[in-house]
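Construct all of the structure, not just a fragment, from the sequences and the given hints.
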Amino acid sequence: MQKKKLTPYLLIAPYILHFAMFVAFPVVFSLVLVFHRWNIISPMEFVGLGNFYRLMGDTFFWQSVINTLYFIIIHVPLQLIIAISFALLLNQPLRMLGFFRAVYFLPVVVSGVVVTILWQQLFGFENGILNRLLTLISLPRVGWLTNPDMAMPSITIMATWKNVGLYVILFLTGLQTVPEQLYEAADLEGANAWQKFVHITLPMINPTIFMVLVLSTIGGFSLFIEPYVMTGGGPLNRTLSSVLYIYKQGFFFYHMGYAATMGVTLTGIILALVVLQKKYVERNT
Amino acid sequence: MRIQKMSPARKVISYALLLIGTAAFLYPFLWMVMASLAPEKEIASFTLFPSNFGMSSYLQVFEKIPVLHSFFNSMVVSLSVTFFVVVFSSMTGFALTHYEFKGREVVFYIIIFTMSLPFQLTLIPQYILMVKFGWVDTYLALTVPYFINGLGIIIFRQYFKTIPRDLFDAARIDGCNDMKILFKILLPNAKPAVITVAILTFMGVWNDVLWPIIVIRNENLMTLPQLITLFAVGGKAESQLGVKLASAVMLALPVVIAYSVFQKYFITSMASSGLKE
Amino acid sequence: MKNINAVLFLLTILVFTSCKSSKNSQNGLLYWSSNNTDEITYARFIVEKWNKENPGKEVKFQPVPEGQSSEEVILAAVVGGTTPDVYSNMWQGDVEYYARAGKLVALDTLDGFIEFLADRCDSAVIKEVTSRDGHIYQIPWKINPIMMIYNVNFLKEIGMAKPPRTYSEFLSMARTIKEKYQENGRTKKWAGYAEVQVTWWQRWFDYYPLYLSASGGAKLVEGDTAVFDNKYSVATFSFLQKLFTNNYFPTDRLSSGQDPFLSGTIATRFTGPWEIIHAEKFKPSGFTYGFAPIPVPDDHTGQQYTYGDTKNLVIFKTCGNPQLAWYFLREFCKLENEVEFLKMTNQLPRRKDLMTDKLFAKYFKKNPMMIPFALQAPYVIGPDNSPVLKEVFDVISAEYEQCVIYNKKSPESAVKDAAHSANLVLMQ
Numbered sequence: 001m002q003k004k005k006l007t008p009y010l011l012i013a014p015y016i017l018h019f020a021m022f023v024a025f026p027v028v029f030s031l032v033l034v035f036h037r038w039n040i041i042s043p044m045e046f047v048g049l050g051n052f053y054r055l056m057g058d059t060f061f062w063q064s065v066i067n068t069l070y071f072i073i074i075h076v077p078l079q080l081i082i083a084i085s086f087a088l089l090l091n092q093p094l095r096m097l098g099f100f101r102a103v104y105f106l107p108v109v110v111s112g113v114v115v116t117i118l119w120q121q122l123f124g125f126e127n128g129i130l131n132r133l134l135t136l137i138s139l140p141r142v143g144w145l146t147n148p149d150m151a152m153p154s155i156t157i158m159a160t161w162k163n164v165g166l167y168v169i170l171f172l173t174g175l176q177t178v179p180e181q182l183y184e185a186a187d188l189e190g191a192n193a194w195q196k197f198v199h200i201t202l203p204m205i206n207p208t209i210f211m212v213l214v215l216s217t218i219g220g221f222s223l224f225i226e227p228y229v230m231t232g233g234g235p236l237n238r239t240l241s242s243v244l245y246i247y248k249q250g251f252f253f254y255h256m257g258y259a260a261t262m263g264v265t266l267t268g269i270i271l272a273l274v275v276l277q278k279k280y281v282e283r284n285t
Numbered sequence: 286m287r288i289q290k291m292s293p294a295r296k297v298i299s300y301a302l303l304l305i306g307t308a309a310f311l312y313p314f315l316w317m318v319m320a321s322l323a324p325e326k327e328i329a330s331f332t333l334f335p336s337n338f339g340m341s342s343y344l345q346v347f348e349k350i351p352v353l354h355s356f357f358n359s360m361v362v363s364l365s366v367t368f369f370v371v372v373f374s375s376m377t378g379f380a381l382t383h384y385e386f387k388g389r390e391v392v393f394y395i396i397i398f399t400m401s402l403p404f405q406l407t408l409i410p411q412y413i414l415m416v417k418f419g420w421v422d423t424y425l426a427l428t429v430p431y432f433i434n435g436l437g438i439i440i441f442r443q444y445f446k447t448i449p450r451d452l453f454d455a456a457r458i459d460g461c462n463d464m465k466i467l468f469k470i471l472l473p474n475a476k477p478a479v480i481t482v483a484i485l486t487f488m489g490v491w492n493d494v495l496w497p498i499i500v501i502r503n504e505n506l507m508t509l510p511q512l513i514t515l516f517a518v519g520g521k522a523e524s525q526l527g528v529k530l531a532s533a534v535m536l537a538l539p540v541v542i543a544y545s546v547f548q549k550y551f552i553t554s555m556a557s558s559g560l561k562e
Numbered sequence: 563m564k565n566i567n568a569v570l571f572l573l574t575i576l577v578f579t580s581c582k583s584s585k586n587s588q589n590g591l592l593y594w595s596s597n598n599t600d601e602i603t604y605a606r607f608i609v610e611k612w613n614k615e616n617p618g619k620e621v622k623f624q625p626v627p628e629g630q631s632s633e634e635v636i637l638a639a640v641v642g643g644t645t646p647d648v649y650s651n652m653w654q655g656d657v658e659y660y661a662r663a664g665k666l667v668a669l670d671t672l673d674g675f676i677e678f679l680a681d682r683c684d685s686a687v688i689k690e691v692t693s694r695d696g697h698i699y700q701i702p703w704k705i706n707p708i709m710m711i712y713n714v715n716f717l718k719e720i721g722m723a724k725p726p727r728t729y730s731e732f733l734s735m736a737r738t739i740k741e742k743y744q745e746n747g748r749t750k751k752w753a754g755y756a757e758v759q760v761t762w763w764q765r766w767f768d769y770y771p772l773y774l775s776a777s778g779g780a781k782l783v784e785g786d787t788a789v790f791d792n793k794y795s796v797a798t799f800s801f802l803q804k805l806f807t808n809n810y811f812p813t814d815r816l817s818s819g820q821d822p823f824l825s826g827t828i829a830t831r832f833t834g835p836w837e838i839i840h841a842e843k844f845k846p847s848g849f850t851y852g853f854a855p856i857p858v859p860d861d862h863t864g865q866q867y868t869y870g871d872t873k874n875l876v877i878f879k880t881c882g883n884p885q886l887a888w889y890f891l892r893e894f895c896k897l898e899n900e901v902e903f904l905k906m907t908n909q910l911p912r913r914k915d916l917m918t919d920k921l922f923a924k925y926f927k928k929n930p931m932m933i934p935f936a937l938q939a940p941y942v943i944g945p946d947n948s949p950v951l952k953e954v955f956d957v958i959s960a961e962y963e964q965c966v967i968y969n970k971k972s973p974e975s976a977v978k979d980a981a982h983s984a985n986l987v988l989m990q
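Chains as they are written, first to last, in this note's numbering: chain U, 1 to 285; chain R, 286 to 562; chain G, 563 to 990.
Treat the hints with care, since some could be wrong.
The calculated EDC-like cross-link candidates involving lysine to aspartate or glutamate, where the alpha carbons are at most 20 Å apart (straight line), are [claimed, not checked]: (1) Lys-417/R x Glu-634/G; (2) Lys-248/U x Glu-634/G; (3) Lys-750/G x Asp-58/U; (4) Lys-978/G x Asp-58/U; (5) Lys-5/U x Glu-385/R.
Here are some of the chain G residues that sit facing chain U, going by a computed Cβ distance under 10 Å [claimed, not checked]: (6) Tyr-660; (7) Lys-742; (8) Lys-952; (9) Ser-983.
To be clear, the hints were calculated from the coordinates, so they are not data collected in a lab.
Ideal Cβ placement from N, Cα and C applies to all residues, glycine included.
As structure tokens, then:
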């Protein structure tokens with residue numbers, strides 16, 4: 001009997017060990033680091049709230065947060081409109097639906113590095129395909145990645161292209177859960193397509209919308225490889241993402257304490273935003 | 286709405302829009318493949334059919350960076366992580382569903398809590414841990430921190446719940462020990478969960494760049510995405526487009542092949558990861 | 563701090579410890595060179611020679627592991643405790659950082675070092691490489707002075723027999739070029755090209771050499787204070803700003819594939835002697851080029867300095883036998899070996915007999931293109947002694963982008979803001 005009692009603990013032992021080492025310890029250690037200055041190679045030095053003072057005045061950090069919010073503000077509506085449109089299109093009795101779904105999903109599985117290298121060429125100023133298209137219909141060329149006002153929107157467009165397939169699938173799943181009777185009842189009352197969409201479809205896919213919000217928020221704050229490869233954070237730091245800045249401070253200048261401080265602060269910001277979004281969505285349901 | 290007959294006009298418009306979407310998602314990939322095969326001068330055009338095809342861009346990539354070596358590294362890392370995640374996560378999921386023990390609830394909440402932590406919080410201390418363990422520039426740094434993940438446990442837990450207890454009890458009467466029950470009976474009966482966890486884990490590790498860039502500085506140990514990222518950013522491509530694109534194609538190829546074979550599994554697995562909330 | 567170490571220690575035991583073979587015995591040395599092909603050739607040459615002459619004191623050599631920039635790789639190695647015994651190619655601006663962290667051997671404590679250094683360098687250089695604690699942690703090894711390369715035929719075409727010397731001359735040349743090579747309102751050729759990237763070390767090829775030239779070799783940082791908020795920085799910024807805002811320099815990256823200088827798209831470029839090897843390999847037939855000092859303000863007088871991209875030799879504290887490492891480095895820097903080095907790499911050893919010794923003279927006779935660099939060699943400045951110099955360059959670079967490239971700020975306020983941010987960094 002003794003052995004049987006022990007079994008579950010043995011089964012979860014690897015998890016507990018892993019949790020202690022790679023989650024619990026880092027979290028605790030983060031909270032120690034924020035009060036220190038440390039470059040790993042010299043002794044650690046206690047600086048009290050020094051890192052937070054520095055953070056308050058660090059324009060690059062706040063610029064990176066603003067950039068991220070800007071990303072989210074463009075990304076979410078873009079994502080929602082495109083994903084819902086395609087999901088509605090696919091939710092019809094048509095042929096080859098499997099093929100379309102598979103194609104839309106392709107960018108989701110391909111590595112972000114591939115997508116970034118590819119789009120860097122599409123966005124090229126002199127010879128990029130997008131600008132050639134614009135020239136073709138006699139529009140002026142756009143400095144997709146070189147114009148400070150365009151760089152972040154360009155990255156957002158790319159991110160939407162990469163992720164939207166996933167949301168098409170999710171919305172499609174959501175749409176298929178909407179009971180048919182609801183539409184039939186609405187038809188009887190003479191509702192038009194738009195009214196049916198707003199009053200029946202939208203509420204039913206609300207959880208998915210919330211998910212898009214949350215995942216875009218987390219995704220925005222995790223942006224790294226896109227600016228790292230395409231812009232290095234420029235021009236004028238307009239595409240400097242939070243993780244890119246942590247990377248620079250932490251792994252380029254080895255300000256471990258300061259980088260950890262940014263990590264903790266960002267965690268706070270992310271969690272606060274997610275809670276806010278949750279509240280907002282719930283109130284509107 | 287779905288059962289109703291669609292008007293022909295609506296049908297045509299729908300197909301047209303779907304085809305535009307197809308072009309938007311597929312054309313860039315096709316262009317990339319063709320451009321990587323085209324002579325350098327012809328890359329900057331829309332055409333999918335260059336005047337002549339050649340492998341010179343690919344040969345240059347092989348000359349400049351150890352692609353095969355990195356491919357091997359990526360395989361070792363992704364496969365070993367996937368293996369351990371399936372083993373450890375299923376063990377934990379098993380314990381959470383088939384045993385009553387003190388602290389079970391606590392463990393469950395810890396898992397949920399862990400999953401909601403943004404990685405930005407633990408990035409720096411985890412790196413320091415790697416330094417202090419002396420794991421920087423070893424496979425260990427790329428694998429061990431990923432050996433378990435909360436999502437895997439949740440997926441297994443969810444699935445194990447649906448497996449009837451009778452199966453478990455019958456096996457126990459037959460004298461199987463607990464490990465045997467898990468690996469010989471439960472897991473084979475939980476194929477969808479195994480596939481989902483395996484695909485999610487494999488893709489996550491295979492595509493990750495940030496962590497490898499931080500813990501691996503030695504070219505011989507770099508993973509494929511890392512190597513190609515640094516190749517694209519650094520000066521080695523000598524700003525030749527064809528070479529960059531060829532390296533990107535090589536990075537995409539294994540995943541695209543896997544995707545075209547196991548397409549259904551990919552879509553359902555990745556969609557289920559989104560639904561974790 | 564003890565607690566954390568204890569926890570770490572416990573955790574280390576809990577996990578299976580990764581077995582890292584301890585590398586070097588007392589008798590041998592591990593030496594890392596840069597991974598530049600020519601430098602590897604020299605490293606191989608000198609190591610073979612040493613091993614033949616010093617049996618039992620074998621030096622093992624390896625190029626710095628390929629990866630991100632060599633500075634990053636070295637930093638990671640220091641952090642991870644996997645440094646070699648001897649490293650060539652340490653950027654002088656990094657030495658103070660490692661010295662202060664106690665990672666480098668103070669060379670002046672080794673037998674015969676002081677005499678060696680006095681023999682090799684003049685007092686200004688010795689002063690430059692002396693750390694703030696009074697010790698010397700590096701051997702000044704090699705330099706690549708930044709100068710202006712120019713396309714002789716291009717200049718002839720616009721009626722210039724000589725390369726421009728001052729800002730006004732350069733700007734008027736730039737205007738001529740822009741006006742002459744317009745097609746449908748688009749500029750086809752430019753006076754020059756400078757990277758618009760903000761990566762900190764890009765400023766070694768525009769702002770920093772121009773600043774050193776204008777100021778007669780002034781410092782960026784003195785102690786823990788930024789001292790570059792002066793008229794020279796402002797002059798440099800406004801010169802560069804004019805080049806970009808008037809479209810004398812392209813703000814877009816020139817289309818890839820071809821080298822813009824060798825294809826005749828740009829007339830000049832600020833660069834180092836490595837350009838010679840590149841040009842000789844890829845230049846079209848009939849292409850001629852020359853080197854001149856980079857432009858200076860119109861009222862400039864006196865000696866003209868430039869940035870030297872100084873790379874030095876260091877011994878890491880992890881070395882078990884520093885005295886032996888030092889003997890190896892002495893051999894490394896012997897006259898006849900450095901003549902070989904110059905031949906193999908076209909990079910200048912940083913020594914005072916460069917223009918006086920017979921062996922070097924023979925080389926310069928064969929390679930006249932290198933003479934302007936050798937003449938400039940006594941007047942190069944290495945980076946200042948500051949543990950955060952990289953970050954100082956980084957904040958300068960950020961302001962540079964705002965002011966020079968995007969014209970969002972006046973040179974005065976950009977320089978002022980850069981100095982302000984630099985002081986914040988220096989205070990840390």
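Evaluation of the provided hints:
Taking the CA atoms of Lys-417/R and Glu-634/G, the gap is about 18 Å. The hint holds against a cut of 20 Å. A C-alpha spacing of about 11 Å is found between Lys-248/U and Glu-634/G, which places the hinted pair at or below 20 Å, so the restraint holds. Between Lys-750/G and Asp-58/U, the direct Cα distance comes to roughly 41 Å. Violation of the 20 Å bound is thereby established for this hinted pair. The suggested pairing of Lys-978/G with Asp-58/U holds, with an alpha-carbon distance near 17 Å, which does not exceed 20 Å.
Annotation: proposed proximity of Lys-5/U to Glu-385/R holds, straight-line Cα distance about 9 Å (limit 20 Å). At about 8 Å, the closest approach between the beta carbon of Tyr-660/G and any beta carbon in chain U falls short of 10 Å, and the interface hint on this residue holds. The criterion of a C-beta within 10 Å of any C-beta in chain U is not met by Lys-742/G, whose closest approach is roughly 21 Å, and the hint is violated. At about 7 Å, the closest approach between the beta carbon of Lys-952/G and any beta carbon in chain U falls short of 10 Å, and the interface hint on this residue holds.
With its C-beta approaching chain U no nearer than about 9 Å, Ser-983/G sits inside the 10 Å limit, and its interface hint holds.
The structure fails to meet hints 3 and 7 from the earlier list, while all remaining hints are met.
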